[in-house]
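J.: One letter stands for each residue in the lines below.
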Amino acid sequence: MAEHTSTYEPRTGIERWVDARLPLPRLLWDSFVTYPIPRNLNYAYTFGAILMMMLGAQIITGVVLAMHYVPSGTMAFVSVEAIMRDVNYGWLLRYMHATGASMFFIAVYVHIFRGLYYGSYKEPREILWLLGVIIFILMMATAFMGYVLPWGQMSFWGATVITNLFSAIPLVGSAIVTWLWGGFAVGSPTLNRFFALHYLLPFMIAGVVVLHVWALHVVGQTNPTGINIKAKQDAVPFTPHATIKDALGMVVFMIVFAYFLFYVPNYLGHSDNYIQANPLATPSEIVPEWYFLPFYAILRSIPSKLGGVIAMFGAIVMLALMPWLDTSKVRSAVYRPLYRQFFWIHVLVSIGLGYIGSQPPAGGFIIVGRILTAYYFIHFLVIVPLLGLLETPKPRPASITEAVLEKHGRGLALPERTVSNTKVGG
Amino acid sequence: MRFKNAEGQMSGMLCRLTAALFAVGMASSAACAADQPANATPHYPLKEPHELSWSFSGPFGSFDKQQLQRGFKIYHDVCSNCHSLNLVAFRNLGDQDGLGFSAEQVKSLAAEYKIQDGPNDQGDMFERPGRPSDHLPAPFPNEQAARSANGGALPPDLSLLAKARGPERGFPWFVFDVFTQYEESAGPDYIYSLLTGFQDPPAGVQVREGLHYNPYFIASDALAMPPPLADGAVDFPQNGDDDKTNDVPQTVDQYARDVSAFLMWAAEPHLVERKRMGLTVMVFLIVFAGLVGYTKRRVWANTPH
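For the protein sequence lines, the chains are A and B, in the order given.
Counting from 894, one number per residue, gives the positions in the first sequence under the working numbering.
Counting from 108, one number per residue, gives the positions in the second sequence under the working numbering.
If you're looking for bench data, these hints aren't it; they were derived computationally from the structure.
Hints may be right or wrong, so weigh each one.
[Unchecked claim] Dumping the calculated SDA-like pairs for lysine to any residue here, alpha-carbon to alpha-carbon at most 20 Å: (1) B:K154 x A:R978; (2) B:K154 x B:R383; (3) A:K1198 x A:R978; (4) A:K1198 x A:I1062; (5) A:K1125 x B:V406; (6) B:K172 x A:R978.
[Unchecked claim] From the structure, some residues in chain B lie toward chain A, with a derived Cβ separation under 8 Å: (7) L153; (8) K172; (9) Q176; (10) S191; (11) L194; (12) W280; (13) Q288; (14) D328; (15) A329; (16) P376; (17) K382.
Computed from a predicted model, the values in this text were never measured in an experiment.
Backbone N, C-alpha and C fix where the C-beta goes; we use that ideal spot for every residue, glycine too.
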């Protein structure tokens, strides 16, 4: 926040020496200790921290896995199994990395929908939001290439289907696909370059995350009321308030993560990926990982290949355009009775698309897929712009503090030492 | 995020409209699935696998050593004539969470096998007795040999079979499976059902020469493998007493159970270790979450939010 000036006081000689040369401790102190956050953040706002944790976990497990993995068409599958069987705690690392990818996506989808609900993309947070969309795209590229590395049947055929999408580009399509593959079919050269990129992209994600956090700290966090911090009592210092709340969010998320990791580690994968890649045997159905299913459903709903590819990428572009598609002056869905309902419909439609994406494209699934795809785009291109013009927002409180006190019953004096007898959590 | 706030009837109407849209969509897809034309590809497997109870399912599950040893004997006597188990080494048979053979037993078991090694100093390949570090030798030197001996069909490697076969569960079962932890039973259930599912084809169903009808097969209605098990085909070592009711039955049903459990172990040898560590981690995390939760309450106690 602009009015947030540095309060860092170097206390020792060394700190003063460092501060005069590279004020990194000052930056960290101002960003993660004294940084003011709205006092009314709920647990949906802890997913940023959860995502940071997941990125860290993926990079650490991934680096160790890379020490044992062999990116070649003949060795990849066996080397993954050697990790599972013979490397000390290799099964733990590999399952952590594989289920971790799914958990990463669960967290990012909550994070994105939270942003859509509370209008986090609106002025002045457009760049913050766009950086988030870029991170999401990088994540999808990383996850897709990571899924190819075990070199199972789904790895191979998933890679074949997805890389083939580029052949839809007029004129140069098939040349691009050959260039991507490093040959005339998905093979060892493809696997090798996917491995190199899979190792590279997470560090690019980390870089964009730094920009994302930087942008966040320039414009400040949104909050459930959508009203900016106006006075000192609207905010609390990041540490200990956000630190401990984020910590709780992370630990609870880790419980969910641990459940999948230790009890159903293969639930989110496909059993065919335990069959070594075989270019001569196509699986009966080729399905991507669950987190791509809504986009896969959109891809298949358009009868033309090029149209499908455009629609699929368009679905992500819609997110990027949100700051300009939403015409409402009110940020938070809490005060937007109609948008709130359409938001939840949009959530259901996205889940519905995911289910359609997991089903064979036949009969009624095609019809439903097309209806849901059409609705997905109508939501962004028609409903969201119109709602801002038609909807009458509910009266909003004057400040965050007023909203909080209203929630806790009127008449409470502004709290220096308010004994809160209502619920404390949340 | 509450829905109950009634902002006029328009929004309520919208909700109903969407609900109706969903209902129509789902109904039409269900209807289309129901009246498939006769020439459409039927959905395999024709019959869903039986659901058995396995010693290793659930959060506290572990392998039954005796069962795995019997399963290995079945693999050794029957399956290994055609199927390899490439990823399993003899030393793995000594895992205490698995078959639990002693180091001596593993050594003498490995020595029963002839392993090709080499080249030696003269450049020749030679055979030597197996060592615990060797992997179980495959029955055929290569895929072509395997196909040629099996009427063109390739007997799959069994190392990961129990994790590589997952008949579709469908809605809503796949949701419940997260909580019932069905995942680990899916493969063994499938293998058991397949091994016990060979039968005469129903009237009017033609089975190609060399194939065997089995409605539990995941890819078709018949497979190249003939029924591999028969009652009494494998002798189990029994306990010494004269009471026959204490003996392990030597039936196809029992064989299928035992070899399925053995294949689950082969596919996931660290299963028991994983669940054991999982329990520790879960207990730790839940206690830790409680402590962090109370700390959080303390920190926020004087800040209504």
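J.: Each hint: holds or not?
T.: Evaluated hints:
1. B:K154 x A:R978: violated, 33 Å
2. B:K154 x B:R383: violated, 34 Å
3. A:K1198 x A:R978: Cα-Cα ~42 Å, so violated.
4. A:K1198 x A:I1062: holds, 9 Å
5. A:K1125 x B:V406: holds, 18 Å
6. B:K172 x A:R978: Holds, at about 19 Å.
7. L153: violated, 14 Å
8. K172: Where the cut-off is 8 Å and the nearest Cβ of chain A is about 19 Å from B:K172, the hint is violated.
9. Q176: Violated, because the Cβ-Cβ distance from B:Q176 to chain A comes to roughly 20 Å (cut-off 8 Å).
10. S191: violated, 12 Å
11. L194: holds, 5 Å
12. W280: Violated - the Cβ of B:W280 stays beyond 8 Å from chain A, reaching only about 12 Å at its closest.
13. Q288: Where the cut-off is 8 Å and the nearest Cβ of chain A is about 5 Å from B:Q288, the hint holds.
14. D328: Constraint on B:D328 not satisfied, violated at 14 Å.
15. A329: Cβ of B:A329 sits 16 Å from chain A, so the hint is violated.
16. P376: Holds, about 6 Å.
17. K382: B:K382 check passes; min Cβ-Cβ to chain A is 6 Å, inside 8 Å.
Of the hints listed earlier, those the structure fails to meet are numbers 1, 2, 3, 7, 8, 9, 10, 12, 14 and 15, in rising order.
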